[in-house]
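So the sequence lines, in the order shown, correspond to chains A and B. In my numbering, each residue carries its 1-based index in the first sequence increased by 150. In my numbering, each residue carries its 1-based index in the second sequence increased by 150.
Treat the hints as calculated values from the structure; they're not laboratory data. Built from N, CA and C at the ideal position, the CB exists for glycine as well. Accuracy of the hints is not assured; some may be wrong.
Okay, the calculated bits of chain B under chain A, using three or more residues with CB under 8 Å as the criterion [what the hints assert, rightly or not]:
#1 153-166
#2 233-247
A few chain B residues that face chain A, going by a derived Cβ cut-off under 10 Å, partial list only [stated by the list, open to error]:
#3 S250
#4 Y295
#5 S394
#6 W395
#7 R396
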Amino acid sequence: MIEVSRLTKAYGAFYAVNDVSFQVGKGEVVGFLGPNGAGKSTTLRILAGFLGMTSGQVRIGGHDIVEASFEARQQLGYMPEAAPLYTEMRVREYLQFRAELKGVAGRDRRARVEQAMAEARVDDVAETLILNLSKGYRQRVGLADALVARPPILILDEPTAGLDPNQIREVRDLIKGLGERHTILLSTHILPEVEATCGRAVVIARGRIAGEGTLEELRSKRRSSRARLALRPARGEHEAVEALLRGVDGVKSCKGEAHEGLWRGEITWDKKVDDPELALEELVRRLVEQGHGVREATPSKASLDEVFAQLTTEPQREGEPAEGGAP
Amino acid sequence: MRGFWPVYKRELFSMFVTPLAWIIIVVFLVIQGMHFSLLLGHFARQPEVVADHGPVQAFFGGTIFLYLPLLILCPGLTMRAFAEERRSGTIEALLTAPISTTGLVLAKWLAAVTTYVAMWAPTALYMAVIRKTGELDWNVVATGYLGILGVGCSYLALGVLMSAMTRSQLIALVLGMLVTVGLFVMGIGEMVLDDGWARDFCSYVSVWSQMDDFSKGIVDSRRLAFDLTMTTVPLFATVRVVDSWRWGLWNFSTSMRC
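Using the sequences and the accompanying hints, generate a full structural model.
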């Protein structure tokens, strides 16, 4: 439904978005993940037809956003960051205006507006001036606006930014429900959001795609930097075990405590270790050779937080042009 | 043209639920009321009235009191058109809806023209007052209003263009006034310059000469052509500017941060 290929947006010598390609299939809920300033909003604005690109191509529901901008925009419900609204209007008035603007036929308009208000849970403030609404309500009015014409594709720019925890949970539930009928691309810089709502994530950092895949794929693609151990030291010499662990090449730190003849702890691998699981295997062999009992040795799965940090702070891989270079 | 009707309705709504339109209309009517009453007093003291120089002619452009309010109030009517949308960010929701830029620009301009017409409508009462005391040629009144409409259309089109140039209503207002006052001052050239191409040019752009013609019942197609040009060219330019935010023809969105 959304196809982005080799998208680049340059402001002079600065590349806000650099050679970005990804796709969102029908019925998918995809998280567009990245730290602040990574180029998320710029990309979504281009997708929504608000900004032009420097080069590349975007197709929304099969329509090119430049060549067939009108048809592409008809497929789309877009909620801009911070949901700017006309504050002098009442919620229902605003949504009726938006529905008419998006070409919802007059006889359906009232019903669609009521339905969108119910779905976004703003029906209790239908007659309130937007000026007097809280941030959370405004955000949801923006969401109702994106829904009102029942577009097949939703693009939501930080739908939960600035909400309190209860509101965040509500909006997430709402998005999950919408995912059954819509194709959704939502941006966020908060990881739990992706875990809670999305089936797949596209990670962007410094204007480039840093990773892509289902949450499981992303996690497994990234090496775990830690391992959990439970050992039964030979002759009860806990210090010897810790000394041995510290002495192994590649172990950055080691932390643990002895309890009833068992040593339980965690080691952290150095960044230069290429394959932590292989290193762990080697480590276990050495422990056994020394006569220690190994009860448990588990490479701990990288949390999504770690994946995020790794993906977005990792130095440029070789063969890629330098930051700000030609696309 | 898709999107014209809803945007037009919303613009009018927004004009009249916020105090802006009401303030402009009240200021305008207070000035015109005083203007009209001064004129009536003046003509009542005249022993005889010459044809073509009655109160109707004086009201439609005989004095500076017609032009001064228009030069300031017209840019006031349009200053919000695009500047406010861009400042508050609502332009993003507007431009990502499936509407045409031409429809959008025309809707904003026509909403301003509608308010302008509403602003002038009560002055029809003045004509009724004159009618009570003497003869009144309704055709001349009609051409007078036609001239007023022509001036308004062009000033408001220029104002919409200026509003698209900036994110600040205040700057839009000042830019709009610079343009309208500039045009007005150029028109004054007709009265101070010697014969020659410069004087001809000034005479052509002079709003004063235009209203002088129309207030006497003369509908000169050159005047109408001028108003039409001064309306369509700024509106066309506005469409280009709005499209350039999207596609960055001149990269206005990044180079014009004012």
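Return the numbers of the hints above that this structure violates; sort them in rising order. Violated hint (a single one): 4; every other hint is consistent with the structure.
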